[in-house]
Structure formats: structure tokens, C-alpha cells
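Visitor: Protein chains in written order, with my numbering: chain A, 1 to 242; chain D, 1 to 110; chain S, 1 to 113.
It is worth saying that the hints were derived from the structure and are not from the lab. None of the values given here were measured: they were computed from a predicted structure. No residue lacks a Cβ here, since even glycine has one placed at the ideal position from N, Cα and C. Wrong hints could be hidden among the right ones.
Now the in silico label distances, taken between C-beta atoms and shown as ranges [as the list claims (entries may be wrong)]:
1) A:E149 <-> D:T77: 32 to 38 Å
2) D:M105 <-> A:V192: 45 to 51 Å
3) A:T124 <-> S:K91: 36 to 42 Å
4) A:A185 <-> D:M105: 55 to 61 Å
5) A:Q5 <-> S:H8: 31 to 37 Å
6) S:F59 <-> D:V49: 32 to 38 Å
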Amino acid sequence: MSSEQEKMDVSVWRGDAQSGKFEHFEVPAQESQTILDVVSWIQQNQDPTLSYRYACRVGMCGSCAMMVNGVPRWTCRTHVNKVLDGNKLEVGPLRNLPVIKDLATDMDVFFDKWVAAEGLHHPTKSREEPIEQITSDSAERMEANAGIECINCSICYAACDTVTGNPDYLGPAALQRAWTVYNDAKDADKQVVLDAVSGVGGCLNCHSQGSCSLHCPNDLNPMNAIAGLKRASAASFFRRRR
Amino acid sequence: MLDIRLYMLQRITAMIMAPLTLGHIAVMIYAIQGGLSSAEILGRTQGSVMWFLFYGTFVVAVSVHAAIGLRVIVAETFKMAGFALSVLTWSLCLIFLFMGARAVMAVTML
Amino acid sequence: MIRPHRAHSLWFAYILHRLSGLGLAVFLPAHFYVLSLALTQPERLDSLLQWSDQPVVKFAEFGLVFLLAVHIFGGLRLLAMEFLPWSANQKTIAASAVAGAFLISTTFFLQAI
Numbered sequence: 001m002s003s004e005q006e007k008m009d010v011s012v013w014r015g016d017a018q019s020g021k022f023e024h025f026e027v028p029a030q031e032s033q034t035i036l037d038v039v040s041w042i043q044q045n046q047d048p049t050l051s052y053r054y055a056c057r058v059g060m061c062g063s064c065a066m067m068v069n070g071v072p073r074w075t076c077r078t079h080v081n082k083v084l085d086g087n088k089l090e091v092g093p094l095r096n097l098p099v100i101k102d103l104a105t106d107m108d109v110f111f112d113k114w115v116a117a118e119g120l121h122h123p124t125k126s127r128e129e130p131i132e133q134i135t136s137d138s139a140e141r142m143e144a145n146a147g148i149e150c151i152n153c154s155i156c157y158a159a160c161d162t163v164t165g166n167p168d169y170l171g172p173a174a175l176q177r178a179w180t181v182y183n184d185a186k187d188a189d190k191q192v193v194l195d196a197v198s199g200v201g202g203c204l205n206c207h208s209q210g211s212c213s214l215h216c217p218n219d220l221n222p223m224n225a226i227a228g229l230k231r232a233s234a235a236s237f238f239r240r241r242r
Numbered sequence: 001m002l003d004i005r006l007y008m009l010q011r012i013t014a015m016i017m018a019p020l021t022l023g024h025i026a027v028m029i030y031a032i033q034g035g036l037s038s039a040e041i042l043g044r045t046q047g048s049v050m051w052f053l054f055y056g057t058f059v060v061a062v063s064v065h066a067a068i069g070l071r072v073i074v075a076e077t078f079k080m081a082g083f084a085l086s087v088l089t090w091s092l093c094l095i096f097l098f099m100g101a102r103a104v105m106a107v108t109m110l
Numbered sequence: 001m002i003r004p005h006r007a008h009s010l011w012f013a014y015i016l017h018r019l020s021g022l023g024l025a026v027f028l029p030a031h032f033y034v035l036s037l038a039l040t041q042p043e044r045l046d047s048l049l050q051w052s053d054q055p056v057v058k059f060a061e062f063g064l065v066f067l068l069a070v071h072i073f074g075g076l077r078l079l080a081m082e083f084l085p086w087s088a089n090q091k092t093i094a095a096s097a098v099a100g101a102f103l104i105s106t107t108f109f110l111q112a113i
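Okay, chain A solo, but in the shape it has when bound (with noise of 0.2 Å):
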């Protein structure tokens, strides 16, 4: 490539759950380069010992998601330019999820939140009877196609400051996916979902502060989805008490 190369100064976290610190790395800048390719530049050029996760590097299975200059972001589809303040870039783990070592975070207990929620499916027919018929222009259908599009990548949960106070807290994406549940025609079993998400940790403690929907990659919304839980969670309860 070119022969004189602006460099930039991209600091990392190292270290583990116990202790770590920002790493200061002088990485070339490239005419068309992503996040993904720093990390990787520096783990393969500089620092071998760098941990780091990364899979389809297009933009489809969120392995990559990191803290880019405080923000949670795919790093694969993250071009250094959009982000890159004056010459310096930050790169960090995702929040609220324990530390391995380095970039890659504990994801365990982002999925048992996940199971946690009830995104299970609940089945109302066996292989003897026909297939229920789906509208897909129903309003159940479409909110339910609003959040079905997740793919797990941990961003939301690491924007939200609720999930920050509250360890209990299922998150964003397990109780988008919840409501997904309660919103499938296919689904037999709307009390178990809301009896999941309305407990302790549930969707009851979200104080819409919309991180979590700003910082989707896929544009899903998730806070619209908590606001559903919680209507749903409302009407029960005064159902109930008939």
C-alpha cells in the first residue's frame, strides 16, 4: 500500500474478570478498514497473546461485538473513519458481562437470562394435524416480525444501564424474544411467557431508556417489545384479580 502511512493510536483493554488495563497500540491506517481489522492487524502483526472473538466477519452472526469508543458495536461493520476520534480509538469488552480475557466476554449468563424469559416454543399442534395458518399481515404477526431478526449478539444487553443496577434483570434481548413468543399464533402457552417475564427480573424493571433500541445493529426494538410485555403483564394481573 502506501509507503508513508498515517498511524493510529488504538488502545485495548487486556487483562481478565480480576484486573486489567488499556493496552496503547500503533496501528497503519488503511484507505477502507474496519474495527475487526485493527484488532485483528494488532493480534497478528503486534501482540499474538490478544483474545478476541470473530466469525462470519460480515455483519450476521454478532461474534464480533466489542465497545468502540464507549459504544456497543458490531466491529466488523464499524468503518475506522465513522468512529476514529482525531487519530485515536478505544476498543474494549462488551459491558456487563464478565471478562475471559481481553475482548472476550463470558456470554453464559446472557443466555440463561435468554432461557430465563421463556423464548421457548410452546407447541399447539402435533405432526398429525394441519399446520396453523400464519397471517402475515395480522398485528400479532407483525410485532411479532419486529424482533425476530435477533441475533444474539449481546449489544443491547451491554447499553442497558438497568441490566448495570439490577442482576436479576433479563435484558433487552431475552424479553424481546419473550414477546416474539407471545405474539406467535403458533405458540400454546402466553401465561407461562408472562409469568417468566413479569417476575423479579422481568420486563417490570425496564425504565425505557431506549439504549438498548439505539444501539441495535439490526434496527430491532426492543423497548417497544418490554412496553408490550409490560401491557400484557398489566392486563393479567387485572384479570386475575377478577
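Add chains D and S to chain A, keeping to what the hints say.
Guide: The following block gives chains D and S in isolation, referenced to the frame of chain A:
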């Protein structure tokens, strides 16, 4: 932190207080004109069943609402939970209730 | 400063709602105490009311009315979001809540001085 009962109490007291608060602000904007004096205030409120009910309801609702609101803030900021948190919530509710009831009685009773 | 992931208007609406609620909760016992003086020490109440005629106190009262108004208007936005069908213009409503609160508290202030 919030279960469905606390959540609904919070929202219902909020809905009860919405018209009461707007009324209170309107009264304040009216009353503040020309300065305040205890004679002026008490002249309006003393012996009035309507003001007693208005502010009495307000005090009950705000005691519940503020106690739950503070519960959430304390839980999320200081990670307090369980029995200690419940004790704090109840104590705050009772303090607001007691002090508020005294204030309502002070301005409406003859 | 504000962490970058929080630097957006709906998060400000959240923190404003939380801080206004906190401020009002701290103010309320003092408010109740002063009013209850009508029962036991009405002369003290009157002297406190006279003291409150100072411009700096009136400005503080303006601040309190703002906190109350912004808390209730922001709260109405939340109740609407949680109990009525989704409305996409949350940021506009939040900004209107702040503007409305400012309008009301300024009206109060102008009547007070």
C-alpha cells in the same frame, strides 16, 4: 426489584396523582401571587372537606409512590436487596404518610 | 462526563425523571414539616413564609415546580408508552415534556416575583 404488585401500585398511584398534581400546580400559581401568608393559606383551607380529601388522597398516594421510587433507586445504586430493602421501603412510606397527614391536618382542621 | 453509550435524548429523559423524583422525595418531608407548623407554631410558619419572599428562595421554588412538572409530564409519557399502543415519536414527546415543564414553572416564577 419490582414485582407486579409494586409495579402496579407505582403506576396506579401515578395515575391518581396526575390530576392532583396539575391541580396543585394551578393552585400554587394562583396562590403565590401577592406573596404568601399563613392567614391567606388557612383562610382557604381550614375547615374545608374538599381540601382535606384532595390533599389527603395526595399524601397517601405520594407516600406509596415515593417509597417505591426510592426503593428502586436504592436497589439499583447500592445493590441493597431482600429484607433490608423492604424495611427501608416501609419506613419511608410511613415517614411520608405520618408527616404528610400532620401537614394535611394542620391546614384543614379547625 | 457522560459515558458515550448513554449520550442520547431518551437516556436524558430517564435520568431527569429519576433525579427529579429524588429531588422531590428529599424536599417533601421539609415541605410537610413547614406546613404542619400551622398547627403548633403558626408564628414560625409566618416568619418562614416571609423569609421565602427573597428572590433566591423564589428561584429555588421555580426549580422545585420545574422538577414537579417535568416529573409528571415525563411520567405521563411513560404511562402512555406502557399502557397505550406504541408511538414512534418518543423523543419528541420527551422534549415537549421538558418544554411544558419549563413553561409552567416560568409562569409560576413570574407570578411569584
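Visitor: Is it true that M105 (chain D) and V192 (chain A) lie within 45 to 51 Å of each other by Cβ?
Guide: The hint (45 to 51 Å, Cβ to Cβ) holds, given that M105 (chain D) and V192 (chain A) are roughly 49 Å apart.
Visitor: Cβ-Cβ distance between F59 (chain S) and V49 (chain D): within 32 to 38 Å?
Guide: 35 Å, holds
Visitor: Is 36 to 42 Å respected by the C-beta to C-beta distance linking T124 (chain A) and K91 (chain S)?
Guide: 39 Å, holds
Visitor: Range first: 32 to 38 Å. Now tell me if the beta carbons of E149 (chain A) and T77 (chain D) are that far apart.
Guide: 34 Å, holds
Visitor: I want to verify a distance hint. Is the separation of the beta carbons of A185 (chain A) and M105 (chain D) within 55 to 61 Å?
Guide: 57 Å, holds
Visitor: For the hint 31 to 37 Å, verify it against the beta carbon of Q5 (chain A) and that of H8 (chain S).
Guide: 35 Å, holds
Checked against the numbered hints above, the structure violates none of them.
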